[in-house]
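What follows is each chain in one-letter form.
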Amino acid sequence: MSDVIQHSNIRLPEGSIEKQTTTLNLGPTHPATHGVFQNILELDGERIISAEQTVGYIHRAFEKLAERRPLYQITTLTDRLNYCSSPINNMGWHLTCEKLLGVKTPKRVDYLRVIIMELARISDHLICNSIVGVDSGAYTGFLYVMQYRELIYEIYEEICGSRLTTNMGRIGGFERNFTPLAFEKLEKFLKEYPAVLKEFENLFSRNRIFMERTMGAGPISAERALNYGFTGPNLRAAGVDYDVRIHTPYSSYEDFEFDVPVGSTGDCYDRFLVRNQEMWQSLRIIEQAYQKVQAFKGADAEIFHADVPEYYLPEKKDVYTKMEALIWHFKIIMGEIDIPKGEVYFPVEGANGELGFYLISDGGRTPYRLHFRRPCFIYYQAYEELTKGAMLSDAIIVMSSLNLIAGELDA
Amino acid sequence: MALTYEHIKQRLVEKFGDQVTGFEEPYGMLTFEAPKELNLKVLQFLYDDAELQFRFLTDLQAVHYPDNTGRELAVVYHLHNLADNIRMRFKVYTEIGKPDVYSATALYASANWMERETYDFFGVNFVGHPNLKRVLNVDEMDYFPMRKEFPLEDQTRIDKDDEMFGRGGSII
Chain A
1 MSDVIQHSNI RLPEGSIEKQ TTTLNLGPTH PATHGVFQNI LELDGERIIS AEQTVGYIHR
61 AFEKLAERRP LYQITTLTDR LNYCSSPINN MGWHLTCEKL LGVKTPKRVD YLRVIIMELA
121 RISDHLICNS IVGVDSGAYT GFLYVMQYRE LIYEIYEEIC GSRLTTNMGR IGGFERNFTP
181 LAFEKLEKFL KEYPAVLKEF ENLFSRNRIF MERTMGAGPI SAERALNYGF TGPNLRAAGV
241 DYDVRIHTPY SSYEDFEFDV PVGSTGDCYD RFLVRNQEMW QSLRIIEQAY QKVQAFKGAD
301 AEIFHADVPE YYLPEKKDVY TKMEALIWHF KIIMGEIDIP KGEVYFPVEG ANGELGFYLI
361 SDGGRTPYRL HFRRPCFIYY QAYEELTKGA MLSDAIIVMS SLNLIAGELD A
Chain B
1001 MALTYEHIKQ RLVEKFGDQV TGFEEPYGML TFEAPKELNL KVLQFLYDDA ELQFRFLTDL
1061 QAVHYPDNTG RELAVVYHLH NLADNIRMRF KVYTEIGKPD VYSATALYAS ANWMERETYD
1121 FFGVNFVGHP NLKRVLNVDE MDYFPMRKEF PLEDQTRIDK DDEMFGRGGS II
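One line per chain: the protein sequences are A and B, in this order. The first sequence: position 74 = 74 (this note's numbering), numbered continuously. Each position in the second sequence, counted from 1, maps to that position plus 1000 in this note's numbering.
By construction, these hints were calculated from the structure, which means they are not laboratory data. Check each hint, because a few of them may be wrong.
As the list claims (entries may be wrong) - Label pairs and their calculated CB-CB ranges:
1) B:LYS1009 / A:MET334: 41 to 47 Å
2) B:ASP1084 / A:GLN20: 49 to 55 Å
3) B:LYS1148 / A:ASP338: 14 to 20 Å
4) A:ASN207 / B:LYS1148: 52 to 58 Å
5) A:GLU175 / B:PRO1066: 34 to 40 Å
6) B:PRO1066 / A:LYS107: 39 to 45 Å
Quick reminder that beta carbons are idealized off the backbone N, C-alpha and C, glycines included.
Use the sequences and the hints to build the structure in full.
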């Protein structure tokens, strides 16, 4: 018996021919790895014996950069974490700042934020679930839902002018009010999307091929998931109903009625179903929030930021015409304002799990230390355990169903 | 009865006496520290105790305080009790010359990469970690970039000639 066989733990019947394992570098920049992850797989035929993950190919030192930047300039860094749902990162970062600075936001701002965050969650789940479809060989769903992600991006575009890395939040609220066209597009989305989602579900959830590809692939028990630090849909698929929106409500989530879908087996199929159901819940929340926003009349309907001139940029037309506004604008942009001393941990329910911001301020202009708790980074270490003993084709689908985003993984 | 910060503090003091110090609640989160030799004992106690049950490690990272002689590096654990929904923060300080801290990987699988990241950026040597190597940076790196002795370039510096970098210069 050679070393290879002992190393790979394969028990061979007496007299059989010697087996050899193959080392396969899956990625980086392989289409199936959704970004730049490297997986060094040891294969026995098509069965995975061990997997080692290497990350860091697009590490951009966000935490270090944040130490030299005033609070506003960090917004652009957070956008580039989970770029599939960047508004959630934006809002999470500004909520962290608001907690540190003691800024209280008006209700209308909270509701608008909820609308945006849930739209972002839908667009994130949409991509994740349709990619699970693509990886199991069904391209149709992906093509079909893409136009509705486009519609969500058009809503962003109406609000802030950009689509992917939106940079739309500000400390205390939004950069500008939602335009009537943004609301029109939102209405269009609310009207058309349920039918699309229904059809998307029909395409996959009882599809024999899809079920056989995903059921039993990459399962994890509730206990292991908790020990691995799973959060978000991946944890809920394992049967734990932990949701930051319920446990630590922020931005008026306590005003809304919604359910937390949970699975039982924690396999790829359950993760898919949990995400699908979450999209329905997000639609429910958006509808409620939209009703609440519409209930504001007169001057109240124009509020889109808190009244905090120390942190909120003055209006551009004032900057051009009024000396005071120009001074404040300059002071805020150049980070001339010291932030209070303290340390804050603020979690939000990102589209793929608990996204936390740990901010330590020593009273200077910039954070002394900023750490992002990035859910992807925490999921990916369980990858070996999830794929051990599975087939190579399962490894691909496990990866896509974990909703790993390279930008967030590497920060 | 819901778990309160007061009660957690009392239990910790009962168990560890004056070894656990620095209780405070900045922005509403209970924070305390213990000597670094005790970090596993404290974590184990918080994990096992039938009342406390802090079984979820939310986050683990380090902070560098270069002026804190003998306590330059702080390793910060964010723990979460999901049953009672209480979060808390636990810190251990270590000197930078000998940054050995016991690894929490045996208790929490999630600590594995978080400790690797902390080692990668701050050089905290987690004793007992199964695979303590860099995770985001290249293996050949021989320094720890998040320490304060490697500051980013000051954006207001004036000694640099921008023309050498293809920007600035005269517009006339």
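For this session: Starting from the range 14 to 20 Å, see whether the pair LYS1148 (chain B) and ASP338 (chain A) falls in it by beta-carbon distance.
Result: holds (19 Å)
Problem set entry | Consistency of beta-carbon spacing, PRO1066 (chain B) to GLU175 (chain A), with hint 34 to 40 Å | holds (37 Å)
Problem set entry | Whether the CB-CB distance between ASN207 (chain A) and LYS1148 (chain B) falls inside 52 to 58 Å | At 55 Å between Cβs, range holds.
Exercise. If you check the beta carbons of LYS1009 (chain B) and MET334 (chain A), does the distance land in 41 to 47 Å?
Worked result: holds (42 Å)
For this session: Starting from the range 39 to 45 Å, see whether the pair PRO1066 (chain B) and LYS107 (chain A) falls in it by beta-carbon distance.
Result: holds (44 Å)
For this session: For the range 49 to 55 Å, tell me whether the beta carbons of ASP1084 (chain B) and GLN20 (chain A) fit it or not.
Result: holds (53 Å)
In the structure shown, no violation is registered for any of the earlier numbered hints.
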